[in-house]
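Student: Here is what each chain is made of, one letter per residue.
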Amino acid sequence: MSTSAQEIDNLISQKYKEGFVTELEVDTFPPGLDEEVIAKLSAIKGEPEFMLDYRLKAFRHWQTMTEPNWAQLNITPIDYQSISYYSAPKKDSDKPQSLDEIDPELLETYKKLGIPLDEQERLAGVAVDAVFDSVSVATTFKGKLKDAGVIFCPISEALQEHPELVKQYLGTVVPSGDNFFAALNAAVFTDGSFVYIPKGVRCPMELSTYFRINAANTGQFERTLIIADEDSHVSYLEGCTAPMRDENQLHAAVVELVVMDNAEIKYSTVQNWYPGDENGVGGIYNFVTKRAECRGANSKVSWTQVETGSAITWKYPSCVLLGDNSIGEFYSVALTNNLQQADTGTKMIHVGKNTRSTIIAKGISAGRSQNTYRGLVKVGKAAIGARNYTQCDSLLVGDKCGAHTFPYVEVKQPSAQVEHEATTSKISEDQLFFCQQRGLSAEDAVSMIVNGFCKSVFKELPMEFAVEAQALLGISLEGSVG
Amino acid sequence: MLSIENLHVNVGDKPILKGLNLQIKAGEVHAIMGPNGAGKSTLSHVLSGKSGYTVTAGNVTYQGENLLDLEPDERARKGVFLAFQYPVEIPGVSNIYLMKAALNAIRKHKGLPEVDAMDFLTLVKDKVKLLEMDEKFLYRSVNEGFSGGEKKRNEILQAAILEPSLCILDETDSGLDIDALKVVAAGVNSLRAEDRSFLMITHYQRLLDYIKPDIVHVLADGKIVKSGGPELALELEAKGYRWVEEQVA
Ligand SMILES: Nc1ncnc2c1ncn2[C@@H]1O[C@H](COP(=O)(O)OP(=O)(O)OP(=O)(O)O)[C@@H](O)[C@H]1O
Ligand SMILES: [Mg+2]
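Line by line, the protein sequences are chains R and A.
First residue of the first sequence: 126, per the working numbering; consecutive thereafter.
First residue of the second sequence: -18, per the working numbering; consecutive thereafter.
Just chain A, same shape as in the assembly (with noise of 0.2 Å):
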């Protein structure tokens, strides 16, 4: 699904990336934790083709095409889906406008016609059922007033609406409470599936109690510096990355 080799990437001069390597397969579900600032977030943007960052080395394979060549809305139709860590508000557009806008944007790349009305009602009705989303949220604007765990639900229902195949999360459980957690992480779990891979940034091992990774990663420095098993996650929580940045250097 997805391949990382060797990525350096900058912001202006400043090395953010140094040298990251990651292998996600079809259906696997990896989580990467590590440090304020070790630059996970910068991982997710490159990854979905934000501009501001400079690749200076190695490459990113996806679904077998070059991932860097291709401009980000390109990318978001090939299945590349990212949940933002803050999700930006557009006043004025309503949240159902622009999914709906979104899905067909994706049907036509793939050369099916535009959803008709009503199906796209039902699927939208379904899935802020399966979020316990109040429908309200549909006909209000993208975000606005939205507090930080709404913001976040809104994400991962445009994720279950788009069925991406390559699921980026960037800190999705932050700001979310107990309930609202367990109920996002089902969310995540119902979109699971064969020819869907998650790439889920979070920093903490509670995330993973819900949704189970197979693979764990620790990213500090611009670099995975270590990768286990779901228990790496309970030994950071036990050890915190201090333990990690030792074992390494």
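Bound conformation, chain R alone (with noise of 0.2 Å):
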């Protein structure tokens, strides 16, 4: 860094710590960015001043940078200035004090997802009692999870407790520069989670959001880092089967994975967050940068999505293929209805010998959706003997919604196998018509097809997120068939 650049950080650094104080009692930032604000953010999470570099040197980048050009998505500008960069955790007074004070619609689908109560009003977020089951259960396993040596925190924490691990990976799969959304998530996350996994560690239970209980609150702009030394093993979910209403309009999450020798992690999402109503009014933008790094030989990451909510979607799941006969899978099932958009595929990128992918993408689109798969495999000069499988399917129910379908590939080693295989049809009326002949509505029909259809996706899911995958994606049809 120049001096001069470093004399700024310093100005800045001092001038909040002075007011440190007094800023802690503002709840919420005024809307607008600039480096104040990122100084400000910093100061108040207590941040290693790695950390703020870190945000500066991304912001700047991120001046410079134009958004993506959208492809197939039609989306109203964002004024990144009227939003605010900060709000503080909620205290229990502002929350909802019981399931009363809730949307009855929202409710109405937890219900019909069979979510218990005590859950709903997490989900909710109404204020509730200490005393509660959920908390017990977050302590046992955190005993565990010390026991075996895994690090599962909010990443915020993670920068106070293991600073070095931190600073030692973040950003070190997606650069901090990579994308426009990733460079902004980069100058102002707040919070996300952080898991590392030691040597020959198998995860001794699955990791999800559920038990971080913070999970839910973390914002925009979140923030996950996984690390699997080697000969480890994690699975993770993330996100909640219960759509999950949000004032904010933007989401920009970045997901970094590094999988060392012998590693494995499995990655599933489920993301259902607020669509918009059936004009296409309200809803999230959900634009995500998830990646993964195999630095290891015959290391695998495993990444399966079910991605049902948001207004617009845009998201890639990578895996770079760096170790020798690393393994990257991608499983995905993307469902859109009314005037929803998701831009969805994933990059397989081969650099390592004998590298190994998959991908096994489901499209659904309903009502007046647009549905677009993109996808890259790129092979690299060096990666002898590389297989890639990518099979996408489009699935339309009704005549006003679009499939696209976008598959690059780029092969720079001769002996490389790259299969690609591609289907769209339609629920036909025959299938329909019988399904009702055997007793079932018509809703139930078009649920009960277009979970067959995907059923080689959820197959990936653990057990108890494929029941809940499927119970959704009924959910999220409603209304698609007249």
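All clues stand as given, with none of them false.
In silico PhoX-like pairs for lysine-lysine, Cα to Cα no more than 20 Å straight-line:
#1 31/A / 551/R
#2 391/R / 472/R
#3 236/R / 89/A
#4 580/R / 117/A
I should point out that these hints are in silico values taken from the structure, not numbers from a laboratory.
Grab the two chains, each in its own frame, and use the hints to assemble them into the complex.
Tutor: Here is the structure:
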């Protein structure tokens, strides 16, 4: 860093050291984004200095960047200066006091998903007493992980307690200048998860954000970093199946996975943010950068995602297969209804020898929605013996929606084998009638056929997740058949 | 059970059924025979509520209710079952899953609780045995990759599990080999009951050797042109439809 930049940094951090006490009384920053805001944010969170440097560097880079070109997306421009970049966690007195204060439509959906009452309260953000089952569950859970040497905590906590680990890995998979939203996230992220699995450890349980109580309120710029050291294994579940309403329109998360020799990370997501109403009013813009680096030989990453929420989803969980014999997998179900738009897929970058990747993407479009698969398979010169298999299937429900497939392939190694299969089908009237003739309502029939279509992806999900994902598809398809 | 009066049905502008009358009492087995394109499948589709057909005149009463007012799934839940001439494939949906969902939909309609998983398995395995099917078919996707005969057998399996009141069989015998025909016929016969009626569409008298109908009808040019006892089928077999058409003309 040049001296002048160093001076500026010092100045900023000093200035806000003074302002610290008074600033703390402010629960929410006024809208707007500049270096002062970032310094203030970092100060409030009591971050180590390298973090502030990191954020400012990202911010400066971000300012030189332009938003990606929305190929298939129709989007109203986002005013980044009208967003508030910090909001203190809600005090219990500000939260709804009981489920009576929650939107009945939302509660109806929770009910249909069979979510127990206490869980409904948690999802809806109701202030609950500490005497609560999940608290004791969380405690036992923490003990077990600690015994295994696993670190699983909010990333803000990791910055306090394991700064050297965070510093070593943060931004090494998704550099802060990677893309417009990744840069913005690097500059202003407020929280997220941190996981470290030490060498030779098989994480004794599936890690889910459910257990990290504050997960629901990590806000619009979430940051997740997972490191699986040599010979380790972890399965991580993200999100929840019930729709989460959020006043934030923009979500720009970054997820980085680092996988060392013989290690494996299985990352499962069910994304069901508020999709907006049937006229396309409201709803979340979900712009996510997810990437895994298989650094070690024989390492493996498996992304499984079920995307049913958000007004706009823009997301390409990727695998960089550096280690020889490393494996990347992507299993995806993306469902759009009403006026939702999804542009999702994956990138498989083959660098090491004998690297293998599998892509199974299922897109379902209903209503007037648009659903795009966009994927890249890239095989570098050194990736001798690399193999990819891609299968993209689109299912149309009704005739006002659209499905699009953009599979890009770049192969620089002649021994590579790249296979691609794609299908587009419609739920036929005959199928629908057949199911109805057996007694199922049209809606149940569509939901059953769609679930059948997604089966090869659902079987990759952990059991409870798979069951909920099925119920979720049914609910997300409501109103899609006349 | 079922009463069809002067039924006229069009597909687009084209009249297919042209004043069809048919009465089926509880417990009876009726067979319908007739040349290709006469409107037999059309009748089965209209009774089960498939879209794409316009009823231009006539009435259909089922268990005292106007059948044509009901949605296809309501009809099914009230006991109307159609074994399809061409059963459709549903990739990814297992056969057993479909049958369980269907049975539960019907039970719900009757105010019964969902079937217990173990009870259901026992029931299904029992019926699978009855139809001499391999249990593997339960876990395969509905009709996907099934042979023609296997699909037909699978339709009767569903009937056996759902226990409908009115069972319409559209050419269930077509595509069955001789042994399969006997098995399927035995399956159908085991379903015969005082409160259950059958409408069997077939081209072949052979089926009627195994499933004795009470009444045989000839459907030609959108109408029932002749009805009689089981001997009518034998006569048809010997003389062909021309003979009936000439008689009627
Ligand atoms: N969707 C349609 N569009 C045009 N014509 C149709 C349609 N559906 C049925 N038809 C016509 O209606 C007539 C009766 O057909 P249907 O399938 O009911 O005959 P069928 O008696 O079952 O014959 P088969 O013995 O060959 O099964 C046929 O001429 C057929 O071509
Ligand atoms: Mg026919």
